[in-house]
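Visitor: Single-letter residue listing:
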Amino acid sequence: MPTLEATYRELHLPLRRLAFLLTGSRETAEDVVQNAFASAQPRWDGIEAPAAYLRRSVVNLAKDHHRRELRRRRLLRVEPEAVTAIPELDETWALIRRLPSIQRAVVVLHFYEDLPLVEVGRLLGRPASTVRSDLRRALARLRKDLS
Amino acid sequence: MTTTRPDDRRDLDQHLRRTLAAVAATVPEQPPVSAQAATKPPRRRWRLLVGVGAAVAAVPLAAAAVVGFGPEHVDRIPPSDPIVSGSLDGERWWIVDGRDVPRCEGHPSGIEVIAEDGNIVGQEWNTVGYFFGEPTAGGCAPRSTNATPDYSYWSDGGQVVGDGMLWVGALHPEVDQVRVAIGGDEPFEAKTFEHEGGTYYAVEVPAGTATFVVDYLVDGEVVVPPPGESAEHVMPPG
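Residue numbers (the numbering used here), protein chains in the order written: chain V, 1 to 147; chain R, 1001 to 1238.
Excised from the complex, chain R in its bound form:
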C-alpha cells in the first residue's frame, strides 16, 4: 500500500482520516473481560522517564526523574513524615522520601512529590521522583556521579499543582545557590533542603505566570546551562 502527500485541503482531510483510521486500527481487540474487572482502577507501574532525550513541550524537564505510578494504593493523605509541604492555588503538595524499589536496593531513593489532586485515598499513587545524576540502566538513582554542576539543569522539572506549577530540582553538590525570578519580579534565592546527603529545592510558581527563570550558581557565578537546556521556563497554557 502506498500513499501520497496531500496537496490541497481536501487531500489533507482525506490524508488525516486515513492516517487516524490506520493508527487506530493498530489498537488490537482484547480478550473479553468482565465489566467488573474492567472497572477496577488501572494497575500501574513505576515508569522510567529518563534518557529519552526528546524536548518538545514548553516546560523543560528533568533527565533524572521518574514518574511514579506505584502499584501501592494511597493509604493516607496527607502522607506521613513529609520533608517539605505547601499549598499552591488551593491544592496541597508534599515532598517525601522516595519509595524504596526492590530492584534499586542500595541506591539512594531521592525524593518524591505528591500533589493532592492526583492522589486520592484508595486510588493508586501518582507521584514524581527526583534525584541528582544520571540514572543507572535500571532506572535507579546513581550511587555516585561524575556529573558537573550544569547537570542540575537536567535534574529539575515542574508539575501542575492547582493552576500553578511546583518546580523542583536536585542539585550538584557544588551548586550553592538557586536564584529564581518569576515573571518580571525581582529574583530571590530559593530555599534548599537536604535529604540522603543530596540537596534539593522546591519553588511554587503561581498561576498566571508566563515565564520564570531558575539559575544555578557556584561561588556567586551562574552556571551556564548545557546545550539544549535553558534557565528560562515557559508555563504551559492553563
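Okay, chain V solo, but in the shape it has when bound:
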C-alpha cells in the first residue's frame, strides 16, 4: 500500500490535468484535487486501489462542481482562448468546453484517460449504452461545429 505522500507526489499532476479538462478551470481543478486527497486522507488505510479511488473522486467532485455552480458555468466565457498556442486546438477545446457536462466528461475520460466506455459508465454511474449514446451525440456536435 503506497503512502499518501507517495501517491500525492505521483498522482497530483495527472489528477490536476484531468480535473482541468473536466472543469475548464485551473483554480477549480486544484481545489477538486485537494478535496479528493482531503477526503481520502482519513480512510487511506482502507482504500484498496488509491489511483482508481482518487480518479473516481475527482470525476465526482467535478460533476458536483458542474451541478452546483450553474452560475459560474453560465458566466464562463467559452470563446476560444489561447491555451495551447495552436488556434485549431484552442478552437476545439472551446467546443469541448461548450458540451453538456456529461458529454464532456465522456469525451475526456474516453479520449484523454483512454478508458473504455464500460469503465466510463462505471465512473459516471451510467449504463454503457447510455454512455455510447452520449459519446455519439458529443461527436456529432463536435463534427458539426468543426465543419
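No lab work stands behind these hints, which were simulated from the structure alone.
Hints should not be assumed to be uniformly reliable.
[To be verified] Simulated pairs of lysine to any residue, SDA-like, Cα-Cα distance not exceeding 20 angstroms:
1. K144(V) x Q1014(R)
2. K63(V) x N1126(R)
3. K63(V) x A51(V)
4. K63(V) x A1024(R)
5. K63(V) x L1012(R)
6. K144(V) x D1013(R)
7. K63(V) x A1207(R)
8. K144(V) x L1012(R)
Put chain R on the given structure of chain V with help from the hints.
Guide: For chain R alone, coordinates are given in the frame of chain V:
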C-alpha cells in the same frame, strides 16, 4: 506546429486526443508540497462573476451577482440572523446580509444565499451574493445606479438546492410586482423583502420542474426583458 480539421471519425478521434493532451499539458508541474498541506481544504476567495457576459447554459443568470468562496470558515449552521429562510427538497437554505468586504467599504453589501449542503461547519463558505445595479470595477455593489427596471432581469439567478432550484433576484425600485409561473401552474406573486433599502425576492422552484417564468411588473405592466434576456427559465437536468 500545425494541425488540420478532422474529416472522418478516425481523424476526429485523433484530433480530440491531440487537443486534450495539448490542453492538459498546459497544466504545469508545481513545486512539491507535503501531502499534509495538500489535504488542507482549499483556500478560496471571493470570485467576481459579473460583466463577463457570455450566455451559454440553460439558466439565465445575474449580471450583478458574485459567488462567495470566502476565506472564512463556516462557523455555524444555521447562520445567525437570517433575513429569510426555507427548505427545498429536504435541503435548508438561508438568506443573510451580504458580508462586508474591506475593499467595498461604504458600498451596500447586498444579500447572500447559503445552501445547507454546500456549507459545512469547519469548511469554507460557498455562497452566492446578489445586489441590484451594475457593479463597480472592483466588484462592489454600486452606491447608486441609473439602471432601468429591465435591469432586474439581469439581477436574478438560480442555484441548485436539493434537486430543486432557489431563484433569487434584486429589484429595481420601480418594480412593484414579481409574477412567477412554475411549469403550467397558475402564476402567483412572489413575496418580496427589504434589505439595506433594496428590494429582493426568493422563489423555490420544485424538483422536476421543466421551465418557469419570472416577470417583473411596474404599475401592472410587464417590463420587457432586455435583449438577450428572457423571463422564461429552463431548469437544468438533474
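Visitor: Would you pick out the hints that fail for this structure and give their numbers low to high?
Guide: 5
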